Amino acid sequence: MEQIHWVRHRWQQLVSADSGRGWYSSPEAVRTKSSPEAHMLTHDRFTGKRRVVVARHGPLQSEYKIISKGCKGNGIRTTKYNLLSFIPMNLFQQFHRAANLYFLFLVMLNWIPVVEAFQKEITMIPLVVVLLVIAFKDALEDYRRYRFDKMVNNNIVSVYSGRKQAYVDQRWRDVRVGDFVHLSCNEIIPADMLLLYSSDPHGVCYIETANLDGETNLKQRQVVRELLQQGSELAPESFNSRIECEIPNNNLGRFRGYMELPNKARVGLHNSNLLLRSCTIRNTETVVGIVVYAGHETKAMMNNSGPRYKRSKLERRLNVDVMWCVLLLIVMCVTGAVGHGLWLQNLKDSPYLIPDHTSPALAGFYLFWTLIIVLQVLIPISLYVSIEIVKLGQVFFIQNDMDFYNDHLDSRIQCRALNITEDLGQVQYVFSDKTGTLTENKMVFRRCTIFGVEYPHEENAKRLELYEPEEDEVGHLLTLKSCSSAKSLSRRSLSCKVTGHAEEDGTDQPPSPTIPCHSAFSSRMAKDVIPDPLLVQKLNCLSVSPLRESSSPSQELTYIVDFFLALAICNTVVVSSPTQPRHIGFYSQVRVPEISPLTSLEDIKLMFQRFGRSRFSTASSPQASGSPRGLASRLFARGKAGSTPREDSNPDQEPDLLGHKPGVDRASGEEVEEEGDGNTENKEGEQELSMVYNNLLVNRGEGRDSVEGSTGGHNQPKEHGVEDNTVVYEAESPDEAALVHAARAYRCTLQGRSLERLLVELPGVGSLDVHLLHILPFDSTRKRMSVVVQHPLTGQVVVYTKGADSVIMDLAELTTDAEQADSRQGHIRDQTQKHLDSYAREGLRTLCIAKRVLEEEEYDNWLKLQRFAETSIENREELLLESAQRLECKLTLLGATGIVDRLQEEVPETIEALQKAGVRIWVLTGDKQETAINIACACKLLRPSDQLLIANCGSKEACEALFQELLAEVEHNQLTSEATGLTLVINGYTLDLVLQGKLKEEFLELSRHCKAVICCRSTPLQKSQVVQLVRDQLGVMTLAIGDGANDVSMIQVADVGVGISGQEGMQAVMSSDFAISRFKHLRKLMLVHGHWCYTRLANMVLYFFYKNVMYVNLLFYYQFFCGFSGSVMTNSWVLIFFNLLFTSAPPLLYGILDRDVTASTLIKLPQLYKLGNNSMAYQSSTFWLTILDAFYQSLVCFFVPYFAYAGSDVDILSFGSPINASALLIILLHQVLESHTLTWLHGLVLLGSGLFYFGFTLVFSCLCVTCSPPTNPLGVETLQMSQPLFYAVCTLTTVLALLPRMLFHALHNTISPPTALAAAQMDKLNPEEYWKRMQRWNHTQAEARSLHVDDLVLQNPDAELITQDLQECNTNTGPVVS
Amino acid sequence: MMASSYNAKEEDGHHSGAPGHGVAGTVKSKKPDNTAFKQQRLPAWQPILTAGTVLPAFFVIGLIFIPIGIGLFVTSNNIKEFEIDYTGLDMSSPCYNCSQSFSWNNTKPCTCSVHFNLDQPFESNVFMYYGLSNFYQNHRRYVKSRDDSQLNGNKKSLQDPSKECEPYRTSDSKPIAPCGAIANSLFNDTLDLFYIDPNGTKTPIPLVKKGIAWWTDKHVKFRNPGVNDNLTAVFQGTNKPVNWRKPVYELDPEDHENNGFINEDFIVWMRTAALPTFRKLYRIIQKKNNMTPTLPRGEYIMEVTYNYPVRSFEGRKRMILSTISWMGGKNPFLGIAYITVGSVCFFLGVVLLIIHHKYGNRNNSPDIPN
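Top to bottom, those sequences are chains F and L.
Heads up: the first sequence at position 655 corresponds to 655 in our numbering, and the numbers run straight through without jumps.
Heads up: the second sequence at position 176 corresponds to 176 in our numbering, and the numbers run straight through without jumps.
There could be a bad hint or two in this list.
[Said to hold, decoys possible] Capping the alpha-carbon separation at 16 Å, the derived lysine to aspartate or glutamate pairs in EDC-like fashion look like this:
1. L:174 <-> L:197
2. L:31 <-> F:882
3. L:38 <-> F:960
4. L:31 <-> F:912
5. L:218 <-> L:257
6. F:1080 <-> F:149
7. F:120 <-> L:164
8. L:209 <-> L:254
9. L:38 <-> F:401
10. L:31 <-> F:403
11. F:998 <-> F:960
12. F:956 <-> F:912
13. F:940 <-> F:912
14. F:783 <-> F:882
15. L:30 <-> F:401
16. L:163 <-> F:356
17. F:956 <-> F:882
18. F:348 <-> L:314
19. L:30 <-> F:810
20. L:280 <-> L:217
21. L:30 <-> F:403
22. L:31 <-> F:410
23. L:287 <-> L:123
24. L:174 <-> L:160
25. F:834 <-> F:857
26. F:998 <-> F:957
27. L:30 <-> F:407
The set of hints was computed from the structure by calculation and includes no laboratory data.
Predicted, not measured: the structure shown is a model, and the values here were computed from it.
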């Protein structure tokens, strides 16, 4: 299925020169056609670019009738043609191709009588064949689309019917704009709808957009606000609001409009109200929406884009050579024309001339065109078609490579651009993103610092180190468990009811360690944070008795609690549970009360208030003292109501246990766990979970998710345990998930979320309802996000901000009044900065957490501004930014976190291999310099011996000086020839200067000396600019690899864009040429497939040129013996078929299957990649050498028969017969000589081609009496092939023609064997010897590297070196005899 | 459970209309098949051309080609061939007069006699050819100027010949049979051979005119329209080609069966020659018995009815007598070529052997230079 799929796209590209005319744009085309009438009919309603929607069966029916005419139904038709239009439209499409036009031109030319070379029908054959093949494919694909359309259109959905006054099942295609659609959980949304009702009491509904953008995290959608307040079930028949929105567009992230209520009030609509077609409803029992866009007008349908079309480097090179062929053709034709003219001039009246009164000059002119037809084969139009087919074959093999298969995601490589396979073999520069590309983008909380105190989390570090081996052993069951969350269900679009799915999942798939649940960012590794004992101890004070402590640690405690509260709530994480349907745990909030914290909540609050007030009274204005109290008291009352009853639950248990020393706890926890669990496979996992509180968990079967289990389970026992024992976090970014999980490890658990409330559980306090006032989402300019909440304990309005350290550190209050608290704050800042630096050195990602307490008045002021910003339509973004900045200042630094992002597996090996292959790797990252360098070291991009050149400068002048200095240093370095590699590190600001100013040359010059370049703190734009700079200025082949939206521009700019389908959605994949799932796949993709594709295609192209030139020359030489009259010595059918049938299949096979070196050798000897890297296989010299050989072969092929038959009574066709036969043999055997491998398939095709030719000509010469009028093939071949002379001539010709190439190969391979060949010889050895040699090779390579400073000068490939090594390898067994 | 998941994002940006792979029940893995073909592990033969591997091939070629070449050369040398130019461009030439005065429509035939000597007797069957030089029978438009279906006996084409025959399609508003330039330029010299005994008597040599055309041509390709009995009636309403003196049904006054389109001289002419210098089979001199040679050495006279003009295109006319072997007529080229190529291969084989020894030794030696 898939194969057909990409084949179709390929052909589409073939057919339509302008891809915009492909089928996927058809909806737009149709729309533009229909829109004028729509405008006329509903002119009054379509004011400008608006669409008005009213309920179909509602009170506004009359209006509906007018409106609905402008809207499309929900049926989709993605087919390009119907039965009637197929032939004309398909032909029209096909003639958009230059190649077809060329054929057409030849056909037309042949219709001019004076020019006519062959019978008319014969010239049409190539055209007809191509057209038919493509038309057949098109028809097949169109039929397939038709069937899919039908299937989709016939899906059933529940739609409100006006007649029956109820929801009835209808097919998708019958859904109309204005219909009310009723959807249940896990149903797919049939059209873009406005969410009007959700069974969720808060009016939210979750959708999974995996079908749309591949992101599997749940997105929250909400009911149109005003409707939520109306409450109650929606009554479609009385829905009399008018919805006005944008006309259909393809912007998935934007939806604007308003709903006009019956009372003329307008409610704004935005993206969060819209349910998009083809998304899936999750975690919500039922929703009802009104269709606003249907069918082709839905955003999903308008967003389809076809595959990418890029011209590969080789193709560009090839076009040059095609131009040479054109030149050659013209030279030949001019020669013929001039020759004919001269020849005619010397003749007066001869019996063989047909008198037609044309002057010799005119006759020469006519002949020029005749020869164009006769020699048409020289222009390898078939080459283009062949290349397309070959690339399809190559893509097929790439896609079928097992090594690219990812068990876990069940994904293989996606080749989205089908025509640049060979570019993979010529990459010189790789530009890589860091996060998610080199690393797993699986953020795991590693350590943190709070209140200036560092908590190293030693146990956690050990766990992370242990992680990999352990996973391999027990991954299986763990995977099951973690996947038995909502994710596995949702990914597979299974019904809510299927709960046993996890088992099936597990048995189907082998365990895969690293990505148990890729989309949720909640891998086991991320979840199971082992808390730091010291921090736990401190946190336990909260439960024990905060007031007993001295003030300083208590203030520290407030910091700690605030810190974890921030971790838990300062995010956009969606909480869900695998058991469905589940909404946010607010129901349970009511039931929570039985649970008891040890200390009274009041005590804690008091503590908070005490420190809070004292702090605020000193730090902020005096009036602060009064107002927060008001708030606090209000909150207090609520908090009291919520939490006081907890006291009656087991009050003694928790403090006792928590009071233990962590080590002891851990041991006991393990024991209990093992008993309770009984799941021995799970042992490893349990060990990790040996948290201080785990001993509380006695009878829980869940080993894994027990973090929240321990808290939640403890607090909310059996009644609703089923619901709550597994909470799944679905975060937008992995950092968020890591932090939430970290907080949960400290029992600060985010338990639920709605629009306005958050349910957070704090240790010793229990569940708290946090009033969420605002979320200021993350953006890349601010580099931070904030939440505004009412503090659950103090009741103050608090801003929690989380963001990049540089930003937060700047924003954190710089205090001038040197009070005690401030000095402490200063101390915290200094300490935190110190810790941050050390984190960065360790390669951790750092985030700072800060808070700000707002006075009520301050908040009110800000609120006004924010409301204004939110509601304003013009420059809304600026206003929002401004408003956010106003809020996020004067922050109090709480602490910072260090998140580790582990390297993906085999990244160092891959990078090492690529560097050995002569590819330069640039890392472009947004991370800070230290982190970037650290990661570069970790992935062996940097070696200890390498010298770092750091380019950071503040101004342009400084930069210039710096670059001069660095350049001088580099030159000095080269002179002294130290054995170090140079690595340039440049930061974003400097990069900006470089890109703007005139420092480009210096930068490039510098980078040319460096084996690696690390650009840190770079923006997406800079990334693409850097790629562009290198690509254009150095004229090299670039490859960009990345996984996130920020890499998209870079991926698009690079010659080859590779997307990693990782944690951050599908944007990168959607814009890439190749999508892989791990960075390590790049190695095989480039070194093996790239190499193969390149050499295969290069060789095939050369072979094609050779073949065409060789054959056409035969016809050309004949012109010298027929008065340049355009005669051919072959029957025209055979002539046309020669290229089209007899010799077309072998080169295709050659291009798809040839293999110069085996995959394993290519992987082990990355040096071989330099072949393609330096375009060695296909250069001008090789092209001309090939052409020369073709000339020689054609000379032999023509003149041996010529001399053999000269002066005899041979007739035209009998003369052509041995020439044709030997040409065929030469061409086929030439390929055998050129092939590196011959499989039975090659044999079959070669033999088949030969037999086909002889069979065809024999049959033709037996049966064709008058079928081919001007020529007279009857009996020619039968007679010829019965004569020994024929065979004598063919043998001599073939041998003589192939002799030089054979000799050349033999001499070349013997005297100076090329690298690839030497490697190929190694392939033939038996495994043991192979290993031995490989080791020796690598050994000598290593030695060579240490001796030579080749690393600096990459242009000079150490091919000779390899050769020598190989020769050395050969010494053991002697030369390999094939 | 949905019958299919609705997938907007397929691998290559496919439209959302297509249901995805998640068909209910069977969750098909996308794992590629582990077959030798798909994983590109088909067992393959890797021909690596090195001096060592190619060397035997060169020797083998040499060893095979040289004997073949010698065989061909000897065969070619054994063929007896005699050629005489009777164009008559020289004043001294007996046909000088005939060649000077020329018109296609000459009613009075011009004859001339050419004397020649055979130094060696021709033992087996002797093939008698006429040869033309500088005659471009392979000219594109000349080659096309015929109507195969007319020649195949199609009555409709007889009356309405193909357009390709223009301007030799009609004359006097009657269709020409056979039409076209090829037929029109039919070689129409008559050659007769006489042996002059040592005693001076002039004995005519019997020339067989049957069997000179290809069997397929004579029996399949060329057919007279209608029944052969009354060709005059069949060709009623057609005109002879403008350069012809006799209509097609009177080409051979002696043999009734050899008239019309199936006249063998005509058929031979119609098979256009590949090269501008060519010969065409004219007659066969059958070997009489084993005792006497077909053509004994001695003096001969060729009597030429000189009709065919070649001066306008600077052509030459020749008469060739040749015996024939299994490999056709006399042609020393192939034999020499075989011997040469064979020798070269052998020589190269030796060179390769040296190279192989030199470099192969280097490869084989336990001590690696450098």
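Report task. Below or equal to 16 Å on CA atoms is what counts here, so check residue 30 (chain L) against residue 403 (chain F). Result -> 13 Å, holds
Requested in this report: Take the C-alpha atoms of residue 280 (chain L) and residue 217 (chain L), compute the straight-line distance between them, and say whether it is at most 16 Å.
Outcome: Answer holds: residue 280 (chain L) to residue 217 (chain L) is near 15 Å, not above 16 Å.
Report task. Take the C-alpha atoms of residue 209 (chain L) and residue 254 (chain L), compute the straight-line distance between them, and say whether it is at most 16 Å. Result -> 11 Å, holds
Query - Pairwise hint evaluation, residue 882 (chain F) against residue 31 (chain L), where the allowed Cα distance is 16 Å at most - result: This hinted pair is violated, its Cα atoms lying about 51 Å apart.
Query - Restraint check for residue 998 (chain F) with residue 960 (chain F), where alpha carbons must lie at most 16 Å apart - result: It holds: about 9 Å lies between the C-alpha atoms, which stays within 16 Å.
Query raised in the report: Does residue 410 (chain F) lie within 16 Å of residue 31 (chain L) when you go C-alpha to C-alpha?
Result: 7 Å, holds
Query raised in the report: Does the structure keep residue 30 (chain L) and residue 401 (chain F) at a Cα separation of 16 Å or less?
Result: 11 Å, holds
Query raised in the report: Can the restraint linking residue 287 (chain L) and residue 123 (chain L) be considered satisfied, given a maximum Cα separation of 16 Å?
Result: Between residue 287 (chain L) and residue 123 (chain L) the Cα gap is close to 8 Å, so the pair holds against 16 Å.
Report task. For the pair we were handed, residue 38 (chain L) and residue 960 (chain F), check the Cα-Cα distance against 16 Å. Result -> 54 Å, violated
Query raised in the report: When you check the alpha-carbon spacing of residue 998 (chain F) and residue 957 (chain F), does it fall within 16 Å?
Result: 11 Å, holds
Query raised in the report: Holds or violated: are the alpha carbons of residue 120 (chain F) and residue 164 (chain L) at most 16 Å from each other?
Result: Given pair residue 120 (chain F), residue 164 (chain L) holds - Cα atoms ~13 Å apart, limit 16 Å.
Query raised in the report: If you draw a straight line from the CA of residue 30 (chain L) to the CA of residue 407 (chain F), is it 16 Å or shorter?
Result: 9 Å, holds
Of the numbered hints listed earlier, those contradicted by the structure are 1, 2, 3, 4, 6, 12, 17, 19, 25.
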